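**Q** Which chain is which? The protein sequence lines are A and B, in order. Residue numbers for the first sequence follow our numbering, so the first one is 17 and each next one is one higher. Residue numbers for the second sequence follow our numbering, so the first one is 701 and each next one is one higher.
Incorrect hints may have been included.
[Claimed, not checked] Only pairs whose alpha carbons sit at most 16 angstroms apart, straight line, appear in this in silico EDC-like list of lysine to aspartate or glutamate:
(1) B/Lys801 x A/Glu39
(2) B/Lys801 x B/Asp750
(3) A/Lys116 x A/Glu224
(4) A/Lys50 x A/Glu103
(5) B/Lys719 x A/Glu224
(6) A/Lys202 x A/Glu301
(7) A/Lys258 x B/Glu790
(8) A/Lys258 x B/Glu789
(9) B/Lys801 x A/Glu36
Please keep in mind that the hints were generated in silico from the structure rather than gathered at the bench. Model, not experiment: these values are computed from the prediction.
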Amino acid sequence: MGVRFFGQFLVERNVIKPNELIEAVECQRLRNLKFGQYALSRGYLTEADVQRIQAKQRHLDMLFGEIAVELNVLTQAEVEEILTIQENDHIFIGEALVEKGFLTEDVLERELTLFMAEQSKYVTGEIVIPEGVKNPEVVKDFMDLTRKMLLRIADINVKFGDVCISNKEPQRNFLLVKVPISGGLKYEYATSLSRDISLLVTSKIIGEEIDGGSRELLLDGVKEFCNITCGNITTKMAQRGKVVNISPPQEVVYSQGGYQLINGRSAIYCPFISPKGNILLILIEAED
Amino acid sequence: MKKKVLVVDDSVVAVSQLKRIINDSGFFEVVGHAKNGIEGIKLYASLRPDIVCMDLIMPEMDGLQALRTIMSMDKDAKIVVISSAAGVEEKSVEALRFGAKNVIQKPFEPETVVSVLKGL
Numbered sequence: 017m018g019v020r021f022f023g024q025f026l027v028e029r030n031v032i033k034p035n036e037l038i039e040a041v042e043c044q045r046l047r048n049l050k051f052g053q054y055a056l057s058r059g060y061l062t063e064a065d066v067q068r069i070q071a072k073q074r075h076l077d078m079l080f081g082e083i084a085v086e087l088n089v090l091t092q093a094e095v096e097e098i099l100t101i102q103e104n105d106h107i108f109i110g111e112a113l114v115e116k117g118f119l120t121e122d123v124l125e126r127e128l129t130l131f132m133a134e135q136s137k138y139v140t141g142e143i144v145i146p147e148g149v150k151n152p153e154v155v156k157d158f159m160d161l162t163r164k165m166l167l168r169i170a171d172i173n174v175k176f177g178d179v180c181i182s183n184k185e186p187q188r189n190f191l192l193v194k195v196p197i198s199g200g201l202k203y204e205y206a207t208s209l210s211r212d213i214s215l216l217v218t219s220k221i222i223g224e225e226i227d228g229g230s231r232e233l234l235l236d237g238v239k240e241f242c243n244i245t246c247g248n249i250t251t252k253m254a255q256r257g258k259v260v261n262i263s264p265p266q267e268v269v270y271s272q273g274g275y276q277l278i279n280g281r282s283a284i285y286c287p288f289i290s291p292k293g294n295i296l297l298i299l300i301e302a303e304d
Numbered sequence: 701m702k703k704k705v706l707v708v709d710d711s712v713v714a715v716s717q718l719k720r721i722i723n724d725s726g727f728f729e730v731v732g733h734a735k736n737g738i739e740g741i742k743l744y745a746s747l748r749p750d751i752v753c754m755d756l757i758m759p760e761m762d763g764l765q766a767l768r769t770i771m772s773m774d775k776d777a778k779i780v781v782i783s784s785a786a787g788v789e790e791k792s793v794e795a796l797r798f799g800a801k802n803v804i805q806k807p808f809e810p811e812t813v814v815s816v817l818k819g820l
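With these hints in hand, go ahead and build the complete structure from the sequences.
**A** Next comes the structure, spelled out in structure tokens:
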């Protein structure tokens with residue numbers, strides 16, 4: 017298990033059936049109205065206002081209500097009123113399942129306790145991010161989940177090294193793999209691993225000791241590790257309201273001129289300290 | 701008789717892991733594996749497995765497209781999505797809407813895979 021939403025946890029555990037989850041999600045969709053829908057229904061905004069705000073929202077990292085206030089189409093008091101109503105009306109997936117008769121209150125309470133205990137392992141801890149890094153909370157999530165997945169998947173316990181920003185290419189290592197991330201956040205997530213760490217990661221995923229192991233197999237293992245980690249990051253981002261997509265992992269090949277990963281851009285270097293080998297996470301904010 | 705399982709995942713390592721878990725269970729047998737959605741559809745048609753374990757993020761054709769195509773070929777197909785993206789509500793619910801019988805998120809416990817397959 018990794019970072020996930022409660023509905024999937026229940027389906028995977030066979031507590032509810034897939035069609036029951038779909039019905040409950042549909043119930044949520046009908047009941048949990050968006051901010052703009054509330055503003056429209058109360059006559060605070062016109063359809064044209066909503067479209068204007070949504071158009072601005074595509075380019076700005078601002079909430080709907082914040083833009084509405086900035087455009088003088090809503091007052092702060094109206095924004096707060098709508099937020100309160102929205103919060104009061106909100107129905108969680110567990111509540112929707114109980115309302116539909118797919119779960120009892122007792123089972124919901126039991127499963128929520130189990131779910132919270134499982135997910136508490138993935139709460140982001142204290143990480144120091146240098147000044148000047150955009151989206152520091154997002155960067156913390158990337159670092160923290162990478163560390164947790166190293167422990168969870170490969171049984172490698174690491175400490176954070178000093179995070180820095182650089183536009184230099186990374187030093188040569190056994191493998192360098194990147195995953196393009198698109199959507200609400202655009203990043204390139206790259207990990208540079210020594211041979212020992214690559215071997216450990218691959219052995220643990222397969223579930224048996226690998227003697228030696230070809231470079232091709234270890235590359236596949238590291239790609240799978242990056243894929244799992246980034247998949248869990250997309251879930252964490254979804255919980256933060258950012259819809260992101262990941263592409264299949266790709267190897268960054270070392271050539272005579274070195275790696276061509278950073279290409280003069282600004283990259284966040286996050287080293288992980290482990291006695292088992294070296295691990296470096298590199299995050300590059302991709303351009304539109 | 702053991703139930704036949706087709707694994708669709710672009711990672712050789714992930715396939716090895718699933719093969720070991722599934723074959724060791726004693727209830728199922730992996731009869732083939734495909735490294736993308738297109739191969740998965742072709743192998744489904746030729747092998748007619750009882751169960752398909754389908755990854756979502758794959759090159760050429762992703763798991764959701766392959767899932768839809770297999771379900772349109774055989775409405776009784778039993779497909780379980782096993783993916784790192786299964787924790788994202790939209791992806792998971794979309795897969796279930798297209799007919800997946802369950803969704804398992806990576807990383808997973810071996811018992812979870814066996815228990816979900818047994819429950820089909």
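**Q** Evaluate each hint against the coordinates.
**A** Hint check results:
Only pairs whose Cα atoms come within 16 angstroms are accepted, and lysine 801 of chain B paired with glutamate 39 of chain A is accepted, the gap being roughly 15 angstroms. As the CA atoms of lysine 801 of chain B and aspartate 750 of chain B are separated by approximately 12 angstroms, the hinted pair is consistent with the 16 angstroms bound. Restraint check for lysine 116 of chain A and glutamate 224 of chain A: not satisfied, since their Cα atoms lie roughly 44 angstroms apart, outside the 16 angstroms limit. Of the pairs offered as hints, the one joining lysine 50 of chain A and glutamate 103 of chain A holds, with about 11 angstroms between alpha carbons and a cut-off of 16 angstroms not exceeded.
Between lysine 719 of chain B and glutamate 224 of chain A the alpha-carbon distance is near 12 angstroms, which keeps this suggested pair within the 16 angstroms criterion. At most 16 angstroms may separate the alpha-carbon atoms for a hinted pair to count; lysine 202 of chain A and glutamate 301 of chain A meet this at roughly 6 angstroms. The straight-line distance between the Cα atoms of lysine 258 of chain A and glutamate 790 of chain B is roughly 12 angstroms, inside the 16 angstroms bound, and the hint therefore holds. At roughly 12 angstroms between alpha-carbon atoms, lysine 258 of chain A and glutamate 789 of chain B fall within 16 angstroms of each other, so this suggested pair holds.
Restraint check for lysine 801 of chain B and glutamate 36 of chain A: satisfied, since their Cα atoms lie roughly 12 angstroms apart, inside the 16 angstroms limit.
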